[in-house]
Structures are given as C-alpha cells and as structure tokens.
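Q: FYI, in the numbering used here the residues of the sequence shown are 735 to 1031.
Treat the hints as calculated values from the structure; they're not laboratory data.
Be aware that a few hints might be false.
Stated by the list, open to error - The calculated DSS-like cross-link candidates involving lysine-lysine, where the alpha carbons are at most 30 Å apart (straight line), are:
1) Lys-983 / Lys-848
2) Lys-985 / Lys-848
3) Lys-1010 / Lys-985
4) Lys-1012 / Lys-985
5) Lys-1012 / Lys-953
6) Lys-1010 / Lys-953
7) Lys-1010 / Lys-983
8) Lys-1012 / Lys-983
9) Lys-836 / Lys-848
10) Lys-953 / Lys-983
11) Lys-1010 / Lys-954
12) Lys-954 / Lys-983
13) Lys-953 / Lys-985
14) Lys-954 / Lys-1012
15) Lys-764 / Lys-836
16) Lys-985 / Lys-954
17) Lys-848 / Lys-953
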Amino acid sequence: MSYFFIVNPNAGKGRLDARERIRSFFAGRKIRFEIEYTSARGHASELSSRAALAGFSRIVAAGGDGTIRETAAPLLNGQAALGILPCGSGNGLARNLYIPLKFDAALAGLLDWKPRTVDAGLANGRPFFCAAGVGLDAEVAHDFNSLSTRRGILPYVWHAARRVLTYRPRPIAARVDGRRLELTALLNAVLNGTQYGGGAKVAPGAYVDDGLLDLVSIKKASLLRLLWAVPALFSGRLAEHPSIYSAIKGKIIELDCGGGAWYHLDGEDFYSEDGKIKISVLPAALKVIAPLPSLNK
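Given these sequences and hints, build the entire structure.
A: Spelled out as structure tokens, the structure:
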C-alpha cells in the first residue's frame, strides 16, 4: 500500500500540524507515503489526480468537507481509495462514515480499516459526497466562504443567525424521479448520508450506500418555532415536526429556482445562472477507507 496525503493547512481553525504527525506515525514503517499542502481552491483535485496517475493506492484528504470533496472527485470509479483525516468545521462525511474526529485515531484507522464503496451525488456535473442544497444553507455557505476571515463552527453559526432573520424563501419547482413538487422553504437540501456535519442529522433515514438521495425541506417558521426543533435536529427526530419538515427519496432530483441561484456542494458555493440544478446519484462510485457501520452500533 502507498499513501498520498493532501493537507489543507487552513482547515478548521488553521492550526493543523499534520505533516509532523503523519511523519511521526509512519516512522519506522516500510510504507511509501508523500505529503502535499493545498494552496488554493481546486488544488486538492489537481493533487489527487496526480497521485492517482502516480499509482498511489490510498489518497488521503486532511481538511474539511470541501477539501475532501475536491480530493474524492478524481477518484470516482477508480482504483485508488479515499482516506479521510477530518480537520474541518463540520466534518459531515467523516461523521456519516463513523470515522473518529480525533486526528490520531483517524490516522491509525487508515491502516486498520478496509476500503468499502459508497455512493456519490452529481449536481450540474459536479460531484458531492455528503450534501447539496439551495436556499438558506447555500446563501450561508456563500457568505462563509466569501466574507469570513476565520474558519470554524462559530463564524458559520454567526452567518446563519444573521441570514435566518431576514431570509425570504423563494418558490422552487422540483421533480423527484418524475414526481412534481412545489417547494417554498428555508432550505432544500439533498443528502447522501444522514447529516450535513456538526452532528446535525437532517436526513436520519439516509445512508451513504443505499443508492438513493434524500430531498429534505425545512419550511419558514418563527424563530421560536425553529429553535424548538433544534434538539430534534441533533437527535435525528426532525420527522416529528411535520409542520416544518418533509423528506422524500429519489435517484434523480431536479430543482428549478426560477432564476439565478446559489447552491452548495459539501459546503462549497456555486452559482447557477438559470437557477436549475439537476442532481443524480452515482451508486457505489467511491472507494473509501472507513470502519464498517456494524462496528459502531
């Protein structure tokens, strides 16, 4: 086995000493490994493509969900397996895969766990692995990525709180496997797994390997009503609040926002000029090094 590590030095709170910790862990082991740092958006995909072509069997992303998405994209339907060292604000994909959030535990797991296949999503030709969405969460992702000079969960929460007080939902025409829906919600999220990250279980009935995506809508309500539902969000019981929550499963999900709209893929913001986002599932498209779910029940 050989390992290529792609490290985002600005992930989380920007104090990641990954290089020395990785070198220390592999010291004395007869295993080939290399480490590279990202320098800009999109750089992780370049490094991942290069590592796959060089024949590395394990390509590991050390960063947040954006870095993981970029690293994983070139590995779709390939031979190399993705490894994850969760170092971001939400760590959504790592949580969906039961990967420990402690760096050293996740690092050790790269040698202990075997690769398994999981699904991916494709939105307007771009892959995602945890969640996509339009509405409030997409606007917050855009604010966080373009306006915030600090990383971490607190700046994200601040942008979300600022937006939720003034955000006005726009009507969206949706189709889920041909079934037409009219949606007016704070957010419309498409989940590959149970949660976004940070422990927020938006789609408690979703699994990363079930060959389906979950379209979840959270409707506009009073701030007090939304706050009342927050405990259910983290306990996976949002379905007990049907006045603000709905979910439907499908393989092809089409969203028409009626005009230009921001959307996000694993927390990275993109813009659709015509407001149309076509999302489909790619079953068993990615090999990932992760513990089996049965070991965590």
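Q: Checking against the hints above, which ones are violated?
A: 17
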